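Those sequence lines, one after another, are chains A and B. The opening residue of the first sequence carries number 1 in the numbering used here; numbering runs sequentially from there. The opening residue of the second sequence carries number 1001 in the numbering used here; numbering runs sequentially from there.
Don't read these hints as lab results, they were simulated from the structure. Each hint can be trusted.
Computed spacing ranges between beta-carbons, pair by pair:
#, chain 1, residue 1, chain 2, residue 2, range
1, A, G298, B, S1052, 23 to 33 angstroms
2, B, P1111, A, T160, 13 to 23 angstroms
3, A, H155, B, P1088, 16 to 26 angstroms
4, A, K252, B, P1119, 10 to 20 angstroms
5, A, G303, B, E1128, 42 to 52 angstroms
6, A, G385, B, P1111, 52 to 62 angstroms
Because the structure is a prediction, the values reported are computed rather than measured. All C-beta atoms, glycine included, are put in the ideal place defined by N, C-alpha and C.
Here are the chains, one letter per residue:
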Amino acid sequence: MAKKAIISGIYNTRVGVLEGSTCMSIHTESGIGAVTDAGLSLGDIDGVLTAYATTLPHIMLGSVFCEDIGIRPKHLSSISMGGATGTMLIQEAAALVEAGYCNHVLCVAGDNRITGHGADAVSVISSMVGHPEFENPHGITVPASYALVAQRYMHEYGLTNEHFAAAAVTCRKHALLHPDAHMKKPITIEAVLNSKMIAEPLHILDCCLISDGGGAVIVSAAETADDLRKKPVTILGSGQGHTHEHIMMAPKSLDNFGCKFSAEAAFQKAGVTPSDIDVAEIYDCFTSTLLIQLESMGFFERGESGVAALNGDLEIGGSLPTNTHGGLLSFGSSGAAGGMWHAIEAVRQLRGEAQYRQVKDVELAFAHNQGGIFSAHCSLVLGKG
Amino acid sequence: MTNTIQKPHKPAIHPKPHTQAYWDAANEERLLYQFCEHCQLPQFVPGTVCRSCYKDNIGWRESTGKGEVFTFSIIHRGPNASFKDDTPYTLALIDLEEDFRITANIFNCLPESIYIGMPVKVIFEDREGSDYKIPQVEPA
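All chains, please: the whole structure from these sequences, using the hints.
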């Protein structure tokens, strides 16, 4: 019989401009932080999974990290799936534990995208995503790719700029309650609507941040729980969905992406439905991404997530508290770590460690990451004990 | 500040063996798309096999160049300095009447006049410094 996988340790660095940081210093702080949180030592770690880093584009980032920190795990891989990588590391770690390969897998990601790339950060990342022959010659950007989807979705289902702005305001309110968040000042719907236009209909305050920072999660075999310091969080279900890489190659309606499949798989495995979820931490590289995914994954009917955002339903205390740490929009965004922070917040909510952000009576949490242009998706359903 | 000496270049097109025919045709102002005779399906972007039957007996057909705007965005911040002089410019997904989709900029109209479903036709941009003409669209 397969073993059961739990999340035993979590850690995030401070997020924002981290002067003097490097990709590896962020990885190291994150890894040691998560091991300490779990009540383990680095010597207990028998599996390591890392992401990729744009500031350290090495073909074997996992080996670089393990050498740097001084561990020799039994199992080591690096996964490079853009924004989807964070939850994918956790899903893969759970598979390793369930199959009996490892007892304690350290998943770690981090980048110093501000101090590492400087003013070139946006161009560096944009140039990696567009199709070299059929998109880049037309001046495509990452925001423009998402804007193409947002524009069509608004036309089809009636979401508005004000709805998108309400999502940004919600995330900012939550970030102000998190001591490690990048953003420290409140914003209003008017401020979002009046902010600089990047790619219509997306303003700069509809776009995620670029941050320095990292995070780590330890996935352990449930049978080790007695040796661990914190209450376990169980990985009840997980799933992936993949439909394309470039937005011109996505399923043509642009409203049915891999998140639908990844969420369905995760819910089915956990034996729950979207209405059972107490808190949702969902990849929000743009405000529109968050709302479109909420609808595609079944949390709201088509066209209703925007009204929900305006009504405060996504706030702490609302019917579906969402991105309670502030998300990529306001907590921070630093490569694969950005998505991992969604999963880390889900764990904090389940443990009851979210302090001022704590949602009452959390039994089930949902974490979702997405990479590319709605291209690659990985969802997790997490539960207490 | 003007800097005409070091003006950056837009991304150059480097055709692959399976896209060379497309770009050669573009230089003759013809828009090609792949078509699998076995599946009777159009395919774009070009691939090395048909994405339905996975066989490589895939050929080319010529499009009328007539289509409509499926969605668009007016870009105010380009990917890098080479597009700065063009802003704001329009990026769109265009559905051609032969049932394939291309990415294009919409030329020869005011950005505020563009709408989803707008009929367009393909034109070919003769871009300075580019070895290949680039399929774009304008209002039909």
